[in-house]
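There are 2 protein chains.
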Amino acid sequence: MSNPAPQKTAISPRREEDFPEWYQQVVRAAELAEPSDVRGCMVIRPWGYGIWENMQRRLDAMFRATGHRNAYFPLFIPLSYFAKEAEHVEGFAKECAVVTHTRLEVDAGGKMKPASALTEPLVVRPTSETIIGASYAKWVQSYRDLPILINQWANVVRWEMRPRLFLRTTEFLWQEGHTVHETEAEAREETKQMLDVYETFVRDHLAVPVFSGEKSDSERFPGAVQTLTLEVIVQDRKAIQAGTSHFLGQNFSRASGIQFQNREGKQEFGWTTSWGMTTRLVGTLAMMHGDDDGLVLPPRIAPTQIVILPITPKEETRARVLEACDALQLQLRGKQ
Amino acid sequence: MSNPAPQKTAISPRREEDFPEWYQQVVRAAELAEPSDVRGCMVIRPWGYGIWENMQRRLDAMFRATGHRNAYFPLFIPLSYFAKEAEHVEGFAKECAVVTHTRLEVDAGGKMKPASALTEPLVVRPTSETIIGASYAKWVQSYRDLPILINQWANVVRWEMRPRLFLRTTEFLWQEGHTVHETEAEAREETKQMLDVYETFVRDHLAVPVFSGEKSDSERFPGAVQTLTLEVIVQDRKAIQAGTSHFLGQNFSRASGIQFQNREGKQEFGWTTSWGMTTRLVGTLAMMHGDDDGLVLPPRIAPTQIVILPITPKEETRARVLEACDALQLQLRGKQ
Numbered sequence: 020m021s022n023p024a025p026q027k028t029a030i031s032p033r034r035e036e037d038f039p040e041w042y043q044q045v046v047r048a049a050e051l052a053e054p055s056d057v058r059g060c061m062v063i064r065p066w067g068y069g070i071w072e073n074m075q076r077r078l079d080a081m082f083r084a085t086g087h088r089n090a091y092f093p094l095f096i097p098l099s100y101f102a103k104e105a106e107h108v109e110g111f112a113k114e115c116a117v118v119t120h121t122r123l124e125v126d127a128g129g130k131m132k133p134a135s136a137l138t139e140p141l142v143v144r145p146t147s148e149t150i151i152g153a154s155y156a157k158w159v160q161s162y163r164d165l166p167i168l169i170n171q172w173a174n175v176v177r178w179e180m181r182p183r184l185f186l187r188t189t190e191f192l193w194q195e196g197h198t199v200h201e202t203e204a205e206a207r208e209e210t211k212q213m214l215d216v217y218e219t220f221v222r223d224h225l226a227v228p229v230f231s232g233e234k235s236d237s238e239r240f241p242g243a244v245q246t247l248t249l250e251v252i253v254q255d256r257k258a259i260q261a262g263t264s265h266f267l268g269q270n271f272s273r274a275s276g277i278q279f280q281n282r283e284g285k286q287e288f289g290w291t292t293s294w295g296m297t298t299r300l301v302g303t304l305a306m307m308h309g310d311d312d313g314l315v316l317p318p319r320i321a322p323t324q325i326v327i328l329p330i331t332p333k334e335e336t337r338a339r340v341l342e343a344c345d346a347l348q349l350q351l352r353g354k355q
Numbered sequence: 020m021s022n023p024a025p026q027k028t029a030i031s032p033r034r035e036e037d038f039p040e041w042y043q044q045v046v047r048a049a050e051l052a053e054p055s056d057v058r059g060c061m062v063i064r065p066w067g068y069g070i071w072e073n074m075q076r077r078l079d080a081m082f083r084a085t086g087h088r089n090a091y092f093p094l095f096i097p098l099s100y101f102a103k104e105a106e107h108v109e110g111f112a113k114e115c116a117v118v119t120h121t122r123l124e125v126d127a128g129g130k131m132k133p134a135s136a137l138t139e140p141l142v143v144r145p146t147s148e149t150i151i152g153a154s155y156a157k158w159v160q161s162y163r164d165l166p167i168l169i170n171q172w173a174n175v176v177r178w179e180m181r182p183r184l185f186l187r188t189t190e191f192l193w194q195e196g197h198t199v200h201e202t203e204a205e206a207r208e209e210t211k212q213m214l215d216v217y218e219t220f221v222r223d224h225l226a227v228p229v230f231s232g233e234k235s236d237s238e239r240f241p242g243a244v245q246t247l248t249l250e251v252i253v254q255d256r257k258a259i260q261a262g263t264s265h266f267l268g269q270n271f272s273r274a275s276g277i278q279f280q281n282r283e284g285k286q287e288f289g290w291t292t293s294w295g296m297t298t299r300l301v302g303t304l305a306m307m308h309g310d311d312d313g314l315v316l317p318p319r320i321a322p323t324q325i326v327i328l329p330i331t332p333k334e335e336t337r338a339r340v341l342e343a344c345d346a347l348q349l350q351l352r353g354k355q
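If you read the protein sequences in the order shown, they are chains R and A. Using our numbering, you'd call the opening residue of the first sequence number 20 and step up by one each time. Using our numbering, you'd call the opening residue of the second sequence number 20 and step up by one each time.
In isolation and in its complexed conformation, chain R is listed as follows (with noise of 0.2 Å):
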């Protein structure tokens, strides 16, 4: 007797065959995302977009009940700007998009090329501590001020060279938290608290366990003096990092120059951090409920609740099947 042959799947590879190509051919089923010709950045197609709209919704939510309000910062951020924390623009600048024009002109030969070249260069924000904390520096002279506690969503842009849908993109969607206490254990107590708003989403949104702790000196954030993360084993037994939060101490205050009044009437650095998570979300959670027949999601965060598939096979009972398939869609929707 030899053995059965393997049940047909609706996703091929299998995932034990390559859970690489299996991950990527599922997303594309889905209609989550695909590659874009601009290299390194992908489309999120209504599919993939309405699961991060629904993440960005309990996530918004979560931060507002934390006190958080949002605001938006300018994309581009002045290569001045982005050099004052050393270990920040050391960490980031081998991946940096970089705007050195403002205009197009028709060059001899007929064809487009850049013109009008900018005295300082533009770097598209790969993250915004430096272009918040210009900000901050401007809104913080008192003790009374603090704390800041702003969120912002937006896109921002890393250079990468293998790229992959929703895990790796050169641009990516997120939310960054940027906070400005007046004590150092304020701060460490931010850093942890919106972690621990990360884990509760992880965990309780998109059913995910999650293992929290703290990055090792060589994977800090570029600048900060602690590094929290979640990290999460996806089926192929590999670990995504699916959010961090950082302790910036006064490293980037200093650099900014977010300065207070303290309580003793003395002049003080504040102290600050920095949170965020990011559309690498979508494909954490294709890769951790995913199956050989394709994409499966929590349902708190898909998109579509139910579907209904009319089944006909008989031509005389079509129009029965179909009206029966109405009147519970109108039931479903609580409009019956």
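Read the hints as simulated data drawn from the structure, not as lab findings. One or more of the hints may lead you astray.
Which copy is meant is left open, because identical chains are indistinguishable; a pair holds if it fits in one copy or across any two.
Straight line, CA to CA, 20 Å or less: simulated EDC-like cross-link-like pairs of lysine to aspartate or glutamate [stated by the list, open to error]: (1) Lys130 / Glu109; (2) Lys132 / Glu114; (3) Lys130 / Glu114; (4) Lys211 / Glu233; (5) Lys285 / Glu205; (6) Lys103 / Asp126; (7) Lys113 / Glu139.
Dock chain A against chain R, hints included.
Chain A in isolation, oriented as in the chain R frame:
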């Protein structure tokens, strides 16, 4: 008898003295936004961003109700894509931020400078017809794939020489709808429908009377066949464009190769539209409803509905006043 001195107002100058300066002062006093050190880019502060979020929420619901879904396309457009539609590239050439490098390195003098020049420069999207068209060309094969009804919430960049907070900024936030249809009539209907959606939104949610009509040849969107527009007359009796909806004919589908097999089995180019509203609306709102004492917001869009101001002139009643305010707060929140 001399005239009485004019009453002191919270905003100086008053509207009749200097309307443009009054506007800037209202935006600053209400902490809606402020200029950044990146020329033409603004920082949208939490109060300003809260207004934009409320606009987004309401508009987004209206887009969904008319069958649209959200997606996200790359920030960067390869120069060759952008140049495909001749009028389009000509219209935007003078205001394009161009990415030419993907790395920073330290030069001989110890200063950071751009490195790793791109073979093909990338334009930071001033609008996304061409980059979205590249995806649609892949998605559309048959009339059965139509219509495509997609909206994107995003940041765009148009280099601005004379910036004004919200009204004219180099980077701004917006939504851009991009649709493909089987017939000219359907695309024209969509163009009109979205102008109607905008009109309803501006009139009923922003409480702003509008004039709708068609842009002249010189003001038409670069590459469009027809541009419909909503114009608002603010308190200085000048018009501000509040939203536009473009019928693009087959111009962009020809440029991007969006072709489908029609019901007769022949290849045909799709009929496309695009339509957008921006953060300029926040400024328009301030110019429309504000008075000499500052910002006035229509209730549907105000981030805060009620402010309780405890007045405690006497120390002995202070505790009781605060207690009554707390009780009122709980009552208003429906928690008592």
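Hint check:
Within a single copy, Lys130 and Glu109 get their C-alpha atoms only as close as 36 Å, which misses the 20 Å cut-off; across copies the closest is 12 Å, which meets it. Taking the shortest Cα distances, Lys132 and Glu114 sit within 20 Å of each other only across copies (13 Å), while inside one copy they are farther apart (23 Å). For the identical chains of this complex, Lys130 and Glu114 are inter-copy neighbours only, at 17 Å across copies versus 28 Å inside a copy, given an alpha-carbon limit of 20 Å. Within a single copy, Lys211 and Glu233 get their C-alpha atoms as close as 11 Å, which meets the 20 Å cut-off; across copies the closest is 55 Å, which misses it.
Taking identical chains as interchangeable, the C-alpha atoms of Lys285 and Glu205 lie at most 20 Å apart only when both belong to the same chain, with a minimum of 19 Å there against 68 Å between chains. Taking the shortest Cα distances, Lys103 and Asp126 sit within 20 Å of each other only across copies (16 Å), while inside one copy they are farther apart (37 Å). Proximity of Lys113 to Glu139 under the C-alpha cut-off of 20 Å is found in both arrangements, the shortest distances being 18 Å within a copy and 19 Å between copies.
Of the numbered hints listed earlier, not one is contradicted by the structure.
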